[in-house]
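> Kindly produce the complete structure, drawing on both the sequences and the hints.
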Amino acid sequence: MIPTNDSPEPDDRQLVEQVRHGDEGAFETLVRRKTSKVYGLCYRVIGNSEDAKDISQLVFIKLWENIEKYDAQYAFDTWLYRMVTNVAIDFMRNKHSRDNAVNSTLRLVKTSVDPEQTVTVQRKEVEAVFNAVSDVLSPKQKTIFVMSEMEDLRSSEIAKILGCQESTVRNHLFNARKVMQQQLKRRFPEYARLWEESR
Amino acid sequence: MMTCRSFREKLQPGTSEPELLDHLRHCDACLDFAMSVDPDLFFRSIGGEEVVPPGGVDAFVGDVMSQVRVRQAETSLAPHRTVSVWQRLAIAATVAAAVTGATLAYRFEHRPVTHPASAMSVAATTPAAHFAPTATKSFVETYSSHDATIVEMPNDGSDTKVVMIFDDKLPADL
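From first to last, the protein sequence lines are chains A and B. When we follow this note's numbering, the leftmost residue of the first sequence carries the number 1, and every step to the right adds one. When we follow this note's numbering, the leftmost residue of the second sequence carries the number 200, and every step to the right adds one.
Source of the hints: derived by calculation from the structure; they are not laboratory data. Fair warning: this is a prediction, and the values are worked out from it, not measured in the lab. Cβ atoms here follow ideal geometry from the backbone N, Cα and C, with glycine treated the same way. Zero decoy hints are in this set.
Stretch-level coverage of chain B by chain A, calculated; a stretch enters the list once three of its residues show a Cβ under 8 Å from a Cβ in chain A: (1) 226 to 234; (2) 238 to 244; (3) 256 to 265.
Okay, the calculated bits of chain A under chain B, using three or more residues with CB under 8 Å as the criterion: (4) 20 to 28; (5) 35 to 45; (6) 55 to 62; (7) 122 to 130; (8) 141 to 151.
Have a look at this one:
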């Protein structure tokens, strides 16, 4: 009999069920499917590709070890993102205390640019500016900012992931935006002009 | 992807329209325009895209799976090295029994022994009927000697018969 290839791809919950029954292949499929999401969030929160890779791998190992704890009544991505944010925030907190002195000398400072000059916004530059100014955010604030602005998650989804109130998420977002603008004004005045011009 | 013209017509401050955000994140020509409409889109412009770990997805997945296999091997070995709760309790009970037994045996071996000389002095001053039996088994079944003095204690009705033998020729370790 010729095997048919029209069976639909198993969804996340089905894969989890197969992993629970010892199917290593199902876990590999799950890792492959979620690599971009997990690594992308880690990379944006941590801002360093090598650390982000290590943290993402750690997340998947934790996923393997804790797969029995997943409750299928909740969305798998919410559970996975919670794991990612916990591991990434822990890493950031430890790193912050380790690298405090080093960071202060490595921060990108461009105060020599004339604030009156017109700028053409380049995507690569925006990334560099983000990595520089987001350092002042707390790990939790930065995680929330990344999930909202770059991963396009709604406040309600972020609240579920972090296990907090939606209002808490909105407060963190409001404060993060304010702090980022202040940092832009101080360190990248040419970009801060964008906000002033739009008023 | 939507056209630049359509993007510029539809873009409103505070947008979270996936189509508009997708265009913003891929079209350099519209980036400046978007900033002039809503500066909060500044950082939104770098989100959304697929980010691949260094070395590629295949290498990443391979690394994860090899680490998973190592963990699996470790956990499959773990039960042989650990001792279950019941086994721990059994070991603890055995040790406790052994210690108790050894203590009792030691006490039994080193219990105070009534010295014959003191027994004699007690016998001389105390009425014989007040002696409590110190042994349940007779040490001497028969005895024959010309020099010995044998004193049989009066029987108080019990089966025990106490006999005192005074003989200089008796061995000291009897």
